[in-house]
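Colleague: Take a look at the letters that make up each chain.
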Amino acid sequence: MNYFRKYYYGDYGDKEAPTGGDTGKAAANEWPLWEVFIRSKQGLDHKHVGSLHAADAQMAVENARDVYTRRMEGVSIWVVESKYIHASNPDEAESFYEPAEDKVYRHPTFYDLPDEVNHM
Amino acid sequence: MPVQNFESHFQEKIDADVRIEPKDWMPEKYRQTLIRQISQHAHSEIVGMLPEGNWISRAPSLKRKQILIAKVQDEAGHGLYLYSAAETLGISRDEMIGQLHSGKAKYSSIFNYPTLTWADMGAIGWLVDGAAIMNQVPLCRTSYGPYSRAMIRVCKEESFHQRQGFESLLVLSRGTPEQRAMVQDAIDRWWWPSLMMFGPHDSESLHSEQSMKWKIKRFSNDELRQRFVDMIAEQVKLLGMTLPDPDLKWNEERSHYDFGKINWEEFWNVVSGNGPCNKQRLDARKKAWDDGAWVREAAKAHAEKRAARNKQQAA
Ligand SMILES: [Fe+2]
Ligand SMILES: [Fe+2]
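Sequence order for the protein chains is A and B. Under our numbering, the letters of the first sequence match residues 1 to 120, in that order. Under our numbering, the letters of the second sequence match residues 1 to 315, in that order.
What you were told as hints is all true, and nothing was included just to trick you.
Example chain A residues on the side facing chain B (calculated, C-beta under 8 Å, incomplete):
| id | residue |
| --- | --- |
| 1 | E30 |
| 2 | W31 |
| 3 | L52 |
| 4 | A55 |
| 5 | R70 |
Derived by calculation from the structure, the hints in this document are not laboratory data. Model, not experiment: these values are computed from the prediction. Ideal Cβ placement from N, Cα and C applies to all residues, glycine included.
Taking the hints into account, I'd like the entire structure generated from these sequences.
Modeller: Have a look at this one:
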């Protein structure tokens, strides 16, 4: 059942790299692809906003500023070459996240307390 | 799992409004449809910079020039968001650009019309961006995750485009008789091509039905076109101008405006390459690509050299 995998996101690790079809030769001359993460405000996490092409990290940061922060959407930018990002496999999502499914006692609502208990 | 099961599982997710992400299984046809639609959308943003770029150096004031530059720069950004979204489907950027240059991929035919006067900048913002927004807002909920996220970003920026266009026309419409005439002329030229932006009638639309089932599209071409007519027919009154359609009339029964027949012959003519500016637009894109080749190569060589040097130093 591997034939439909070849078009997976080409940037998630080596195993899933596209192996054929449309993506071959043209990509060889392209600047590498980078994923862009932006901190919108001091105190918040960096969040993935999209991707872009750049020859190196410095150009990627500058391009990210022009493409993703034209309206002051960010105070800090991270870029990472897409090929270095590894992801969990959606085909295995069910078994992968299953261990958390039956642990209702991890949530505060699992516990019945008398109404008189305040501030808890 | 046999492919049919993958397909029905896929359709279940779509029906439940679960977004499809790049690594999820998807029918090959869904992938191809999206590549076609997103890349053509991206090309439209990029080619769309040309008619407006034509007026940057001739804007009537510094304020208008700044606004126009900011708008054109946004359109470049929109093109880039969308190219990235298409790339998640496994097509490379260079390949998409190759398809534009070879004529295999189309872009919105509206950009094959010339921008003859300054009032065209206002008319484009109001009508062309207005029509684009009508199409784009529902795409924020399209079923493919990266496309939907790109569209949310695009839509946030578009509303300034339409407002600055209308405001610019409003100022002209309160000006001299010549300025008023210029506004009316621009509206007359851009009105029908703007209606064509919504694409062929639902009955003739090639890809519509499947795209609705996959929730790539959420409203039909004719539905969106009608909404646009209803909106513009009211707004044009505020400019004290008219739309060039003798059949435009409020229909009490339908609670919509009726409007005249669209010249589809013109539409197909422009799509197939015979619009007033098709050649000029493509030539400009190809020239930009060719002229930039040495920059792409030099930057790549420089980055590789520096990476090699850093590696050596580290060793
Ligand atoms: Fe745009
Ligand atoms: Fe726009």
